[in-house]
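Peer 1: Okay, here's what each chain looks like letter by letter:
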Amino acid sequence: MRKESMRKRKQRHRFLTRTLTLHTPLLLIVGFALAPYIWTFLTSLTPEEDLYLSEFRYLPANPTGTNYLRLFSRIDYGRNIRDSVIVAITTMLVGLCITVPASYSFSRYRFKGRTALMAQFLVINMFPVVLLLVPLFVLMRMLGLMDTYLSLIIAYSTFTIPFSTWMLTGFFNAIPRELDEAAQIDGCNRLSTLLRVVLPVALPGISATGIYIFITAWNEFIYAAILTGSNVRTIPIALQNMIGEFKIAWGLLTAGGVVSAVPVIVLFFFIQRQLIHGMTAGAVKG
Amino acid sequence: MVHVSGKRVDLFPYFLLSPALLITILVIFYPIIRTFTYSFMQYILWKPTEIKFIGFDNYLKALRDPVFWISFQNTLIWIVGVISLQLLLGFCTALFLNQKFFWRGIARSLVLIPWVTPSVITALMWRWMYDGNRGVINDLLVRVGILSSYFPWLANDKTALYAIILALMWQGFPFFAIMILAGLQAIPDTLYEAAEVDGASTLQKFTRITLPMLVPVLFTSLMLRIIWVANSLDIIYIMTGGGPGYSTHTLPVYSYIRAYKGMDFGYASTIAVVLTLLITLFVSIYLRKVLRMEDRGAV
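Residue numbers (this note's numbering), protein chains in the order written: chain A, 1 to 286; chain B, 1 to 299.
If you are wondering where the hints come from, they were derived from the structure by calculation, not from laboratory data.
None of the values given here were measured: they were computed from a predicted structure.
Take these hints with a grain of salt, some might be off.
[As the list claims (entries may be wrong)] Pairs of lysine-lysine, DSS-like flavour, derived with a Cα cap of 25 Å:
1) B:Lys-100 - A:Lys-247
2) A:Lys-8 - B:Lys-100
3) B:Lys-100 - A:Lys-10
Next up, chain A with everything else stripped away, as it sits in the complex:
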């Protein structure tokens, strides 16, 4: 009897300390991570005129989807979404076509200059955007590419190619070389080994990298601000234009923010594991 109650008390004590030292502080951190989103979402459900009532309300009195509807009727958000999708998907496809062979080469072959070339891809990843901005602007003007999809796709390859080469090299390294050797014994040449044997196995890593490229292109603001104008207008630029207006329509703006962030978060959850693995592998070993 006494033993039983002692154990119970011990359990309750353990539960209390865990609540104080783990659950509560971590819950606060998670709350901090989510709070801006919750607030943004609540605002997006509030009619514009209710935002400036004298009494401060946390929950909208008359929740409504008008802001979301106005996004598409008043400011042509559908066009911005279309531009963003076109740019992000093309950047992803072009980036993968270029970096898959490059990283396969880094992973499978030992050749003269390999280390230097790999280091080069790491170093250019660290240069500030402002170092490339002005010459790319001049170049696009010279080529007559200002305000086109192509200008953004070219500019985005400056950061997608180095990053995705590194990430993919890691994924290819994780695939045993015996697979390539077996394919060649079975009569594949080197190109078909890559295309027909290694690529299907590497598909999870390749799609994770592709989604990552899509996300970064979808989010990009700085290049889009100087290289595009009235013709091509991606979502970040459309949102920034709304912030720039004299009286900011916060209901509309928060709705636009929610629409733009949700696909990114959903995509991210798909590739979370691979991305984190690729990101931390080098650092932990090194």
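Given chain A, work out where chain B should sit, using these hints.
Peer 2: Same frame as chain A, but now just chain B:
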């Protein structure tokens, strides 16, 4: 296969690399060289007849330019502020997430959300929360009694930079949390078990095992993060546009404003080159320190 001085050189790996290399040369190396040449030129877009080489004049101008020095100082405050806050919160988060409990998987996923949030969204959400008329932060602070009336956090030159630092802490702390968590999980349990047998306290286990074992992860993630934060520009630019006055000008923001608003490509390039050189200098000193520590066996 090609024969060069009697040796067989396999061209296939180079063939696979060639598209990536070609694009890199065209859109990265060529532009970098151009930026270096522009930095020695007077090059204002709307004065095309006056484009000419002026030697080191832009660099001398930067030395005498008070805005350059304000931006330089702000860059340092920005880096130190953002990195220390992100590291502190990221470290705590990693320690919590390293324990076993029933909602750990969900917690880890939710904590990562700020990190994938687009900069424009981060900027607009925080701008709305800081708002001087209707900001939820002001409302909360007044309710708790810390403030007596609403305060325009982003419109005041004393608070604007720190307000943005807090927003970037929010966006970036998951990076440290994930890196440190990976480091924590790589520490073998046997070390802790041995320490327990020897009667070590929780604090001793932390300072003698956890911290030293995390040093490599901390060095790598700190370096990557410092470079990234030093270069970051979109959040600041969208939240305040560098103002009020010059209070949120950092070097990348200043260079961007010079290029984008002033169309002064020469001087903007000079600032970009100076920023790059400063970062390169920092990285080389940092790496040398780390390598020396490794030689002494401290890492």
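Peer 1: If a hint holds in the structure, say so; if it does not, say that too.
Peer 2: Here is what the structure says about each hint:
For the given pair, Lys-100 of chain B sits about 49 Å from Lys-247 of chain A by alpha-carbon distance, which is inconsistent with the 25 Å threshold. With a CA separation close to 21 Å, the supplied pair Lys-8 of chain A and Lys-100 of chain B stays within the 25 Å bound. Taking the CA atoms of Lys-100 of chain B and Lys-10 of chain A, the gap is near 19 Å; set against the 25 Å cutoff, the hint holds.
The structure fails hint 1 only (numbered hints given earlier).
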